[in-house]
Amino acid sequence: GENVEQHPSTLSVQEGDSAVIKCTYSDSASNYFPWYKQELGKRPQLIIDIRSNVGEKKDQRIAVTLNKTAKHFSLHITETQPEDSAVYFCAASMNSGGYQKVTFGTGTKLQVIP
Amino acid sequence: ETGVTQTPRHLVMGMTNKKSLKCEQHLGHNAMYWYKQSAKKPLELMFVYSLEERVENNSVPSRFSPECPNSSHLFLHLHTLQPEDSALYLCASSVVGVGEQYFGPGTRLTVT
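For the record, the sequence lines run as chains U and W.
Sequential numbering of the first sequence, starting at 1260, is according to this note's numbering.
Sequential numbering of the second sequence, starting at 224, is according to this note's numbering.
Calculated from the structure, these hints are not laboratory results.
A few of these clues could be false.
To be verified - Per the computed footprint, the stretches of chain W lying under chain U, defined by three or more beta-carbons under 8 Å from a beta-carbon of chain U, are: (1) 239 to 247; (2) 315 to 324; (3) 327 to 335.
Unchecked claim - Computed cross-link-like contacts, DSBU-like style, restricted to lysine-lysine with a CA-CA straight-line distance of at most 30 Å: (4) Lys242(W) / Lys1281(U); (5) Lys1316(U) / Lys1301(U); (6) Lys1316(U) / Lys241(W); (7) Lys263(W) / Lys242(W); (8) Lys259(W) / Lys1301(U); (9) Lys1368(U) / Lys1330(U); (10) Lys263(W) / Lys1316(U); (11) Lys1327(U) / Lys263(W); (12) Lys241(W) / Lys1317(U); (13) Lys259(W) / Lys1330(U); (14) Lys1317(U) / Lys1327(U).
Built from N, CA and C at the ideal position, the CB exists for glycine as well.
Make the full structure from the sequences, and use the hints.
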């Protein structure tokens, strides 16, 4: 089955700096890569996603890149703000018997220091 | 309430109890999921229902029993749980064939 590794497990940055979270996946059949943000005590929420036919996607301060050959994908947050502090999960998804099977990474706890 | 709702939000149960978790989605989706979230572990997929048919049972012990009576409702029936089953149980829904999943707020379960 699919295996997703995520690094780092914790990340502290100064407000205004950039943050980068990296993930790798093992199964080339994965074709959809969502990123979720989970604030303390709240549900995971999708913040950005990328499909395998695209190399990069940007939404304001957040961008995601995908290298299919190397099976790497990364989340980039620029001009970080204290409200960006949360746990971020990457995931790799593939079609499995008619539904999308999602495998999550172990999460990165991001702390933005004011 | 819109989106995906879960009840109860918190549950404490003894190892001999029987309880059920409920999930309801108001998004018109046709796939529903149960995940277990434990500290320092990735989200673990437990069960998947696609078009009301169970399509995934990820080696989950039989003390967890899912039920999907229709595309809007999902239950997780619990019996004779162990303390290590204490975790946050998250429900999610999506459109079949589309990867984006929407999560409920979760049920924080404590087994004593």
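A quick look at each hint next to the structure:
Only residues whose beta carbon comes within less than 8 Å of a beta carbon in chain U count, and the region 239 to 247 of chain W has 0; fewer than three means the coverage is violated. Chain U is given as covering the region 315 to 324 of chain W, and this holds because 7 residues of the stretch bring a CB closer than 8 Å to a CB of that chain, at least three being needed. Remark: the region 327 to 335 of chain W is confirmed as covered by chain U, as 3 of its residues place a Cβ nearer than 8 Å to a Cβ of that chain, reaching the required three. Simply put, Lys242(W) and Lys1281(U) have alpha-carbon atoms about 39 Å apart, too far for the 30 Å limit, and the pair is violated.
The straight-line distance between the Cα atoms of Lys1316(U) and Lys1301(U) is roughly 26 Å, inside the 30 Å bound, and the hint therefore holds. Restraint check for Lys1316(U) and Lys241(W): not satisfied, since their Cα atoms lie roughly 46 Å apart, outside the 30 Å limit. With a C-alpha separation of about 26 Å, the suggested pairing of Lys263(W) with Lys242(W) holds against the 30 Å cut-off. The straight-line distance between the Cα atoms of Lys259(W) and Lys1301(U) is roughly 14 Å, inside the 30 Å bound, and the hint therefore holds.
A C-alpha spacing of about 22 Å is found between Lys1368(U) and Lys1330(U), which places the hinted pair at or below 30 Å, so the restraint holds. For the suggested pair Lys263(W) and Lys1316(U), the alpha carbons sit about 29 Å apart, so the restraint of at most 30 Å is met. In summary, the hint linking Lys1327(U) to Lys263(W) is supported, as the alpha carbons are separated by about 28 Å, within the 30 Å threshold. A hinted pair counts as satisfied when its Cα atoms are at most 30 Å apart, and Lys241(W) with Lys1317(U) does not qualify at roughly 47 Å.
Note on Lys259(W) and Lys1330(U): the hinted pairing holds, with a Cα-Cα distance of about 26 Å set against a maximum of 30 Å. Restraint check: the Cα-Cα separation between Lys1317(U) and Lys1327(U) comes to about 18 Å, which is no more than 30 Å; the hinted pair holds.
The structure is inconsistent with the numbered hints 1, 4, 6 and 12, although it conforms to all the rest.
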